[in-house]
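Q: Residue numbers (our numbering), protein chains in the order written: chain C, 1 to 280; chain D, 281 to 646.
Simulated from the structure, these hints should not be mistaken for laboratory data. It cannot be assumed that every hint is accurate.
What the hints assert, rightly or not - Okay, the calculated bits of chain D under chain C, using three or more residues with CB under 8 Å as the criterion:
1. 320-333
2. 344-353
3. 368-380
To be verified - Pair by pair, the computed Cβ-Cβ distance ranges are:
4. LEU110(C) to LYS384(D): 53 to 61 Å
5. GLN339(D) to ARG4(C): 25 to 33 Å
6. LYS384(D) to ILE17(C): 49 to 57 Å
7. LEU101(C) to PHE341(D): 26 to 34 Å
8. PHE341(D) to PRO192(C): 34 to 42 Å
Built from N, CA and C at the ideal position, the CB exists for glycine as well.
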Amino acid sequence: MMDRYTKLQTAGIYAAIAVFLIFILLPFFEMFMASLRPLEHLFRSPYQFWSDDFSFQAYSDMWVTVPLLGRYILNSVYIASMVTLLTMIFVVPAAYAYARLDFPFKNATLGIFLGVNMFTGAVLLIPLYRVLRTMGLLNTYWAMIVPGVAFLIPTGIWLLRSYLEKIPRELEEAAYVDGASRMYTLRRVVLPLATPGLIVVGVAVFIGAYAQQFLFAITFNQKRELQPLPAGLFEFIGYQDVTWNQMMAAALTGILPVMLIFLFLQKYLVAGLTAGAVKE
Amino acid sequence: MATLDLTSISKSFGSAKVLHDISLAIEDKEFVVFVGPSGCGKSTLLRIIAGLEEATSGQIFIGGDDVSDAHPVDRGISMVFQSYALYPHLSVYENIAFPLRVQKMDKPEMDARIKRAADILQLTDKLDLKPGQLSGGQRQRVAIGRSIVRNPRVFLFDEPLSNLDAALRGDMRVELSQLHRSLDATMVYVTHDQVEAMTMADRIVVLNGGRVEQFGTPMELYHHPKTKFVASFIGQPNMNLIPATVLGTDATGLSVEMEGGHRLVLPVEATSVATGDRVEVGIRPEHVTPGDGGFEIEVNVLERLGGVSITYGKLRDGTRFCASLPGDARVTEGAPLSLAVAPEDCHVFDASGDVLRRKAAPALVA
Ligand SMILES: Nc1ncnc2c1ncn2[C@@H]1O[C@H](COP(=O)(O)OP(=O)(O)OP(=O)(O)O)[C@@H](O)[C@H]1O
Ligand SMILES: [Mg+2]
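Please build the complete structure, drawing on both the sequences and the hints.
A: Here it is, written out as structure tokens:
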């Protein structure tokens, strides 16, 4: 297995990985560098990559410049968690039904779900605004959670369905023959076997929820104390100047919870790609 | 009493009809094997008996009760799947306990039943392992364990041994036969392996294209196959079939001329054929002996298995012919070989594949 590639091929593969990683990680690195610089160094010309007086000053100043920063980060995590939780509650039975049951318009509805996915929230903002206003949800957490859930359910169903389809049907038939109900089978057999898949889908939904907050927050919510981080970052843009270094520091701090979750779940994510091979 | 009766079971998937009007009466404590080529509907029939699939028409009776619309548990069946269908995340104990947990059985009773099953199946020291840590044969035993704890009236097996290697298959065959004896239960067993069918069955159902070709004891099928299909399916190596023409019939039997010119008078009931009809003469390889009986073959391949030598060759007219001769028979590849067969060992099939009943055959049919 390991010697399948020649040295040259290996070098090529690593070079490609390096280019790819640099492309993805460079913005983060630059964010990090920017967060360490004093503000005036950011506008030096010619641009200097290396500054001499790096400091973590911005990481303490940012809490003063934007006093609600902590609250914003918590809001972000709270909204994304709620979206993930609610989405999973809807997605699990739906995906199972799509994977195993036969019902009218099954493929048509799946297609519609995929179609909905192609609309970004942006084109639906105005109708959504009216819906949320009618329901009296504007300027509450729900204004950011409900649309988030709605837009992530299709993705979740598509991802989880293909995972559930890989669980051998005979396992469920065996459970059925032994007298287990559908719900019992789902709970005792299907979901435990689908755990890696559930984690993969859960993480994908969480990231999706984290990323889409901004749009919903700035349109459906005026209350400062309910804003998530991406909207809160605007407060670093002052009348006189923009404290870029603090903004970068705050953004990095805000990503931290997501990164921690990733580190923690990484082994499940990798396992999720190989598991499911249930029978030989 | 767990008799199993099927009356006129038919099954269609959309426009494809896969089972045609199948009626069977299986007796209490009988070990019945469904055998037939791939795609003939064995699994479908078993799944209908299990209640996993609904018959398009017909009824199922277990112990005399109409269970056609009943849930598998209420039918009193349990099923062992070809892939074992063990739950990989549960221990062996929990796998076997699954049907009992569904019933919410009390712990002491459950423990006792699982212990008994584990004893029978030699799994006592494996109860804490996961299925992934077991060998193929042990997994198979766990699957069987799960099916016996519920004390079902009828056991259904769908090719339970086909994932095992040849040696293990032989062992498990014996174990299953013993299990059948010790459980005293009705068992229905699907396989496409005729050796399994012959060795384990009390009676065999031969299926072909969704129809029952014959239902009988192994020796009945061997000596009195009703059709050409059954004749060539049962027996190893397969029966030789030689085209022939009817020369005439009389009280002693049927006289035929085989392709190649050899003539025989065969003691069969020849009421359904007339002079000039085309028939096929079936000769089992093991009924052939070396000697000048009028068959001459050119030996192409010789397989010496020790006890027997299997000889594959061609008759003069090109029909393939196989003979199973004593282990040390004087045969050489490439050389001609003279063979003889007793007329009473021959089978005759008419043009539609139905047998002409043999008069002199062993009276094994009770
Ligand atoms: N769910 C289904 N939908 C449509 N056709 C089916 C379905 N299940 C089985 N069939 C068809 O029914 C026929 C019988 O299938 P079945 O699985 O019973 O065969 P089998 O005798 O068990 O074969 P094998 O020895 O290969 O297992 C096949 O032609 C198959 O294509
Ligand atoms: Mg089958």
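Q: Hint by hint, note whether the structure agrees.
A: Against the structure, the hints come out as follows:
| no. | hint | verdict |
| --- | --- | --- |
| 1 | 320-333 | holds (count 3) |
| 2 | 344-353 | holds (count 3) |
| 3 | 368-380 | holds (count 4) |
| 4 | LEU110(C) to LYS384(D): 53 to 61 Å | violated, 37 Å |
| 5 | GLN339(D) to ARG4(C): 25 to 33 Å | violated, 59 Å |
| 6 | LYS384(D) to ILE17(C): 49 to 57 Å | holds, 54 Å |
| 7 | LEU101(C) to PHE341(D): 26 to 34 Å | holds, 30 Å |
| 8 | PHE341(D) to PRO192(C): 34 to 42 Å | holds, 38 Å |
Of the numbered hints listed earlier, those contradicted by the structure are 4 and 5.
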